[in-house]
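Take the sequences, apply the hints, and build the full model.
Protein chains: 2
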Amino acid sequence: MHGAADILLSLFVVFVAARIGDELAQRMHLPGVVGEIVAGALLGPSLLSWVHPGVVLDALAEVGVVFLLFAVGLETRLADLKRIGVTALMVGTLGVIVPFGGASLWAHLEGFAWNKSMFIAAAFVATSAGITARVLQEMHALQRREAHVILGAAVIDDILAMLLLGIVVSMQESGVADPAHLLVVVVEAVGFVLAVGWFGTRVARKRSSWLQRPRMTMSELSIVLALCLGLAWLSTRFGLAAIIGAFLAGLIASETDQREQLEHQMKPLLTLLTPFFFVMTGVKLDVNVFMHADALLMLALATLIAVLTKLVGAYLGALKLGHRSALAVGMGMVPRGEVGVVVASLGLAAGVFTPEVYAVIVAMSLLTSILTPPLLGWLLRRAQRDDIDQRAA
Amino acid sequence: MHGAADILLSLFVVFVAARIGDELAQRMHLPGVVGEIVAGALLGPSLLSWVHPGVVLDALAEVGVVFLLFAVGLETRLADLKRIGVTALMVGTLGVIVPFGGASLWAHLEGFAWNKSMFIAAAFVATSAGITARVLQEMHALQRREAHVILGAAVIDDILAMLLLGIVVSMQESGVADPAHLLVVVVEAVGFVLAVGWFGTRVARKRSSWLQRPRMTMSELSIVLALCLGLAWLSTRFGLAAIIGAFLAGLIASETDQREQLEHQMKPLLTLLTPFFFVMTGVKLDVNVFMHADALLMLALATLIAVLTKLVGAYLGALKLGHRSALAVGMGMVPRGEVGVVVASLGLAAGVFTPEVYAVIVAMSLLTSILTPPLLGWLLRRAQRDDIDQRAA
Chain F
1 MHGAADILLS LFVVFVAARI GDELAQRMHL PGVVGEIVAG ALLGPSLLSW VHPGVVLDAL
61 AEVGVVFLLF AVGLETRLAD LKRIGVTALM VGTLGVIVPF GGASLWAHLE GFAWNKSMFI
121 AAAFVATSAG ITARVLQEMH ALQRREAHVI LGAAVIDDIL AMLLLGIVVS MQESGVADPA
181 HLLVVVVEAV GFVLAVGWFG TRVARKRSSW LQRPRMTMSE LSIVLALCLG LAWLSTRFGL
241 AAIIGAFLAG LIASETDQRE QLEHQMKPLL TLLTPFFFVM TGVKLDVNVF MHADALLMLA
301 LATLIAVLTK LVGAYLGALK LGHRSALAVG MGMVPRGEVG VVVASLGLAA GVFTPEVYAV
361 IVAMSLLTSI LTPPLLGWLL RRAQRDDIDQ RAA
Chain E
1 MHGAADILLS LFVVFVAARI GDELAQRMHL PGVVGEIVAG ALLGPSLLSW VHPGVVLDAL
61 AEVGVVFLLF AVGLETRLAD LKRIGVTALM VGTLGVIVPF GGASLWAHLE GFAWNKSMFI
121 AAAFVATSAG ITARVLQEMH ALQRREAHVI LGAAVIDDIL AMLLLGIVVS MQESGVADPA
181 HLLVVVVEAV GFVLAVGWFG TRVARKRSSW LQRPRMTMSE LSIVLALCLG LAWLSTRFGL
241 AAIIGAFLAG LIASETDQRE QLEHQMKPLL TLLTPFFFVM TGVKLDVNVF MHADALLMLA
301 LATLIAVLTK LVGAYLGALK LGHRSALAVG MGMVPRGEVG VVVASLGLAA GVFTPEVYAV
361 IVAMSLLTSI LTPPLLGWLL RRAQRDDIDQ RAA
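Same order as they appear, the protein sequences are chains F and E.
For what it's worth, my numbering labels the leading residue of the first sequence as 1, then goes sequentially.
For what it's worth, my numbering labels the leading residue of the second sequence as 1, then goes sequentially.
Treat the hints with care, since some could be wrong.
When the alpha-carbon atoms are kept at most 25 Å apart in a straight line, the in silico SDA-like pairs for lysine to any residue are as follows [unchecked claim]:
| # | chain 1 | residue 1 | chain 2 | residue 2 |
| --- | --- | --- | --- | --- |
| 1 | E | Lys267 | F | His148 |
| 2 | F | Lys320 | F | Leu308 |
| 3 | E | Lys267 | F | Leu211 |
| 4 | F | Lys267 | E | Gly230 |
| 5 | F | Lys320 | F | His148 |
| 6 | F | Lys320 | F | Ala226 |
| 7 | F | Lys267 | E | Met216 |
| 8 | F | Lys267 | E | Glu263 |
| 9 | E | Lys267 | E | Val155 |
| 10 | E | Lys267 | F | Trp210 |
| 11 | E | Lys267 | F | Ala226 |
| 12 | E | Lys267 | F | Pro214 |
From chain E, some residues computed to sit far from chain F (all C-beta separations above 10 Å) [as the list claims (entries may be wrong)]:
| # | residue |
| --- | --- |
| 13 | Met139 |
| 14 | Glu188 |
| 15 | Arg207 |
Derived CB-CB ranges, DEER-like [what the hints assert, rightly or not]:
| # | chain 1 | residue 1 | chain 2 | residue 2 | range |
| --- | --- | --- | --- | --- | --- |
| 16 | E | Ala195 | F | Pro53 | 28 to 38 Å |
| 17 | F | Asp386 | E | Arg202 | 55 to 65 Å |
| 18 | E | Ser208 | F | Asn115 | 53 to 63 Å |
Think of the hints as simulated: they come from the structure by calculation, not from any bench.
Keep in mind it's a predicted model, so treat the numbers as computed, not measured.
Where is the CB? At the ideal position from N, CA and C, for every residue including glycine.
Shown next, in the form of structure tokens:
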């Protein structure tokens, strides 16, 4: 029973640290994730050394991130894609292509092979729209064109980023020696995503009454959780990251009639489990990396590239809205937040990233999320003033 | 990443097996727990050998049972104790004393030392009122006197059973060589339970607004989950089982204004996590034990003693209601269900129970739960007929 007591203690410490970190970050007007990761770094081996990576904590972190990406998929409405408008489509697409290209190039210039560079670049791609949505909400700007474009583009962005991540991970696993073999691997991975996504969402749309047929309690949640765990595992069999299967399961579940009920029921699970992912991300962060000027320079460069490439890509996509609105849209797409962190932890687990690269990418993801709220606020106020000027003219 | 994939696969297999077992059991009008444990026994080493005990699955099972007992505490209304009535108090108390005495005696006669016998007897004590409540509900008998007495007595029963379990576990850990030391251990354990229970519930009653103060999402749930994990760990430091701390945390949380909201939010967590506890209970069950006539005889005797002692104890407590009603109350208190199973798994983990004793106690707990619905239905119909006769006379 001693083992069980130790496990309960470490769960208690990690969970409480996460929630305190979250609370303090929010009181400092920072995203909660920042507080959770900082709490982890504080508890981890490079500082206090109270918490160490271990089988149980790592497993809980894995389940946490799988459920997190399931929830992201659940909130992605495929139906929105149809009425998303050309602007959002352009913003989402260019907002993926430019950062991916820019960051790949940068990483390659830093001395990484192309396949590693593209893995690193995958961490620069996906926007974490949650932080932007909160800023928009606080500024009562959710009804503005910019807000609609950003939130629409985030859907495209998520789907493209997951597809890209799938390709990049499967490229790592196979090695790049044989281009023909690589092609097979990539086609297999993309085929899996498209086939499961297409077939699953069609079945979900037509047969969501199936979720209510069993007599057990919470049958709907049970079935989609089983789907989530099953597809997460299955996607690893196709050389993809587990989170891609989880995201697909979320997309499928979001097509059912029970979507809102499921979103509601996922919240307690996310409250319990995602802290383990973010704290363990921090625990694995070697803070000493940033004692070296090299790493700090690399972080500064990475953050600059992350901000500029996303800003430029999304700005170009949104130019139709006018210069100032396009800038606000671009800035709204900048935060990488949890998605960048997820890619970093995948790279570390796969042995592709050194502790230094891992630390830089996690810190870059946090920095983009910290920088966005003030800058977006400033740009939005300028865009709002433009509107008032136009109405006056 | 291979390790993560293996973990996801085992989570998927265990979760799906549990839910299928639950569903099939319910369709056969058996308690869902029976299906989950049978699914575990089927997957476990003694039959299919697909699932084996392991660090991660055991940890999830531990968290599952901790949350389960937290939820039991959360559903226990201390306020009900005041208006519970003398009859329910008598039923609850005698329904604990008679089974504990009877089962201790039986286990001692089977050749176990007194401290082991009392641990075994602890598995005969706690009623699992859930199964009875469902039978009452299906028979539209929840408004009858018998139902009120049973559900009231179940509150007393839970609290006494947890106290008794605490004493018995702390007796094991200390050894029984020195009676003075034993007394200290028992006083410490009981003192911990009473002090935390008394102080915690008072604070919860007066200060439940504290749960809403933090800015983080789901602050109420986060705080009580932290309390649950913290008290579960702390109680192991006092030589108690972790579930006793979890039960106390549940009692405390049930005194807050947010009780109903918390019960609601716990449901998804229980849906995900308790299956791991019950499936792993089944996985650890060596089915081959029952290939021997000795074990089958022991099981038959244990089940007979479990049914008779509870029936007699609770019957005596309820005699004021008349012979037939008292019989129905006694039968309603018979199911041990999940609580007996929890005690069995504690005994196995502590190395106190042999695989044979473990198997017999788990099977006894299931049998009492399987036997109750038909017998209770029959006795309730007799009691209902009595009422009609009386009204006619």
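**OP:** Look at the Cβ atoms of Ser208 (chain E) and Asn115 (chain F) and judge whether their distance stays inside 53 to 63 Å.
**Re:** Taking Cβ atoms as reference, Ser208 (chain E) and Asn115 (chain F) lie about 55 Å apart, which means the hint holds.
Original post:
Quick one, are Lys267 (chain F) and Met216 (chain E) close enough, alpha carbons at most 25 Å?
Top reply: Holds. Lys267 (chain F) to Met216 (chain E) sits at ~13 Å (cutoff 25 Å).
**OP:** Would you mind confirming whether the straight-line C-alpha gap from Lys267 (chain E) to Pro214 (chain F) stays at or under 25 Å?
**Re:** 17 Å, holds
Original post:
Is the Cα-Cα distance between Lys267 (chain E) and Val155 (chain E) 25 Å or less?
Top reply: This hinted pair holds, its Cα atoms lying about 20 Å apart.
Subject >> Lys320 (chain F) paired with His148 (chain F) [C-alpha distance capped at 25 Å] >> reply: Given pair Lys320 (chain F), His148 (chain F) holds - Cα atoms ~14 Å apart, limit 25 Å.
**OP:** Mind verifying the non-interface call on Met139 (chain E)? Its CB should be farther than 10 Å from each CB in chain F.
**Re:** Holds, since 18 Å exceeds 10 Å.
**OP:** Given the hint of 55 to 65 Å, check if Asp386 (chain F) and Arg202 (chain E) actually sit that far apart at their C-beta atoms.
**Re:** Between Asp386 (chain F) and Arg202 (chain E), where Cβ atoms are some 58 Å apart, the hint holds.
Original post:
Does the Cβ pair Ala195 (chain E), Pro53 (chain F) satisfy 28 to 38 Å?
Top reply: 36 Å, holds
**OP:** Evaluate the condition: distance from the CB of Glu188 (chain E) to the nearest CB of chain F exceeds 10 Å.
**Re:** About 16 Å separates Glu188 (chain E) from the closest Cβ of chain F, which puts it past 10 Å; holds.
**OP:** Starting from Lys267 (chain F), check that the Cα of Glu263 (chain E) is at most 25 Å away, please.
**Re:** Holds, because 14 Å separates the two Cα atoms, which is no more than 25 Å.
Subject >> Distance restraint between Lys267 (chain E) and Ala226 (chain F), which requires alpha-carbon spacing of 25 Å or less >> reply: 16 Å, holds
**OP:** For the pair we were handed, Lys267 (chain E) and His148 (chain F), check the Cα-Cα distance against 25 Å.
**Re:** Given that 25 Å is the threshold and the Cα spacing comes to 35 Å, the pair is violated.
Going through the hint list in order, the structure does not satisfy hints 1, 6.
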